[in-house]
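Peer 1: Sequence:
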Amino acid sequence: MKLKPWIHLLHTTDCQIHKSITKRISLPALFYLLCFSFGFTNYAKAQPHLTFAPFIQNLTQPLLITNAGDGSGRLFIVEQGGKIKIYKNGGLLSKPFLDLSSIIPHTGGDGVYSLVFAPNYKTNRTFFVYFYSLDGSTKLARFQTSKTNPDSAIGNSGVTLISLPGAGTGGVHVGDMHFGKDGYLYVSFNDGSIYANTTKFAQDGQVLLGKILRLNVTNVNTPPYYTIPPDNPFVNDPNVRDEIWALGLRNAWRWSFDKRTGNMWIADVGGDKWEEIDIKTPAAQKTGLNFGWPCYEANSIFDTTGCKTINNYTFPAFAYPHVSDTSGEVITGGYIYNGSAYPALKGYYVCADYEKGYAWVIKANNAGVVLNSNKQTGFPLGLVGFGEGEDGELYVASLSDGTVYRVQATATPASIAAETIPLNITSQGNLKSYVYPTLVSNSIINIELKEPCKFVRLLDIAGNELMRKILDNQLGRITLNLPRLEAGMYILQLVGAGTLQQKIYVSR
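Adding 5 to a residue's 1-based position in the sequence shown gives its number in the working numbering.
Since the hints were derived computationally from the structure, they do not count as laboratory data.
Hints may contain errors.
Unchecked claim - Heads up, simulated DMTMM-like pairs for lysine to aspartate or glutamate below, C-alpha to C-alpha not over 20 angstroms straight-line:
1) Lys264 with Asp187
2) Lys93 with Asp156
3) Lys361 with Asp277
4) Lys361 with Glu334
5) Lys186 with Asp396
6) Lys459 with Asp308
7) Lys152 with Asp140
8) Lys459 with Asp277
9) Lys205 with Asp140
10) Lys351 with Asp277
11) Lys368 with Asp263
12) Lys186 with Asp236
13) Lys291 with Glu334
14) Lys291 with Asp75
15) Lys127 with Asp75
Given these sequences and hints, build the entire structure.
Peer 2: The structure is reproduced here in structure tokens:
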């Protein structure tokens, strides 16, 4: 696979955030929540069953599908070699929308990686392309479309916003980009790590590698053709460049915004052992986030040399390991389905594994709480990029067979087992690991571990992690001293082969 060398540059089980109630609570409400917390809830009663139907075939290494948001209903397909093609009125147009093949070396992992259209594209005809150039650098460039032909871009209209050198930084720097609801452009760059060489760039605030940037690109017509949004989280931090929105990512190769909630779903391709997804609400997006790489890979320690204490890092909402032939190896992030053709899929996030032909449907609430996930198998290999039509319908490109598939789904009974079901710790007739007391007055919690657990963490009502203790799969009783907390409801999670969680109420 020609993509393989940089897919591994690109290169859960789960961690869920469960929201609760406000810190002041009536006794009846408290009684209800405490009773509910002891019940067993299976969120996987009717998972949508995915099928991928061939939609556009005989493409040359398609990587991405997107739309212009201009009401035309067109789909734009990015081919790795430099051509961007248009699917219109039931077929591919013979002439590419834009052909950059003359300035792209296209050897191994080189090529065009991402395409995004400005929110006001219909009036300003502006779009952005992310590609690897003949000069050995990774570029983010702005282009314009012809005034007279909306199906043709102006090839020589390109201006460069960012150019990242390859020499000494791991070479090709792949990533993705999208506009947020705030009108700013968010761009991810990988950190240049490969299996044999893990870089520390993701934790270096003076370089753009291993980061997501947030840029104002509207009506900026002089170099560098972007300005810094005044509320970027690190603008007052001399140790971090102002462009940076988030740090500590290995390779956020494919990520997306949920159009309905504004939640950000970041799929970060891991290194040796884990693939992960981070889910951040619009409120969380306003703070400077550090996702931990290479100090942590998902929830596991990777290399903490020179790292800060654990509470400085944000940990994933979903992760899966590279543990066996039945596990994946390289995550391809997708989208929340907001279309209308497949009601069973409405509101579910769909993603896949590039190497194994697996796909997941993941359900989360508006606060980014993962309720359940379901792994399904038998899909094409090389699934490298999902995309949305203007109508919210989903598509996925396979690098292996040159096909864009339409994502379809039907409702299915619980015979398809959920890979992740958030269990309450105590279940009638089946005692597992448990926590006591659940009404806490002295900041001390006891945990009886009946099965191996990687770590325990405490979340507040906003889904923020307040503390974490690494358990290293120990068994038996441990005592957890809680930090000083205001009175209210909190969630305690035990994460091992699965996730167990318990509501606790802290009184003061």
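Peer 1: Against each hint, give a clear statement of whether it holds in the structure.
Peer 2: Hint check results:
1. Lys264 with Asp187: 12 angstroms, holds
2. Lys93 with Asp156: Holds, because 9 angstroms separates the two Cα atoms, which is no more than 20 angstroms.
3. Lys361 with Asp277: Roughly 16 angstroms between the alpha carbons, so the hint for Lys361 and Asp277 holds.
4. Lys361 with Glu334: 7 angstroms, holds
5. Lys186 with Asp396: 17 angstroms, holds
6. Lys459 with Asp308: Measuring from Cα to Cα gives roughly 17 angstroms; hence the hint holds.
7. Lys152 with Asp140: Given that 20 angstroms is the threshold and the Cα spacing comes to 30 angstroms, the pair is violated.
8. Lys459 with Asp277: 17 angstroms, holds
9. Lys205 with Asp140: With a Cα-Cα distance of about 24 angstroms, the restraint between Lys205 and Asp140 is violated, given a limit of 20 angstroms.
10. Lys351 with Asp277: Status violated; Cα separation ~33 angstroms.
11. Lys368 with Asp263: 12 angstroms, holds
12. Lys186 with Asp236: Holds: Lys186 and Asp236 sit about 15 angstroms apart, inside 20 angstroms.
13. Lys291 with Glu334: Measuring from Cα to Cα gives roughly 31 angstroms; hence the hint is violated.
14. Lys291 with Asp75: 28 angstroms, violated
15. Lys127 with Asp75: 5 angstroms, holds
Against the hints set out earlier in the document, violations occur for numbers 7, 9, 10, 13 and 14.
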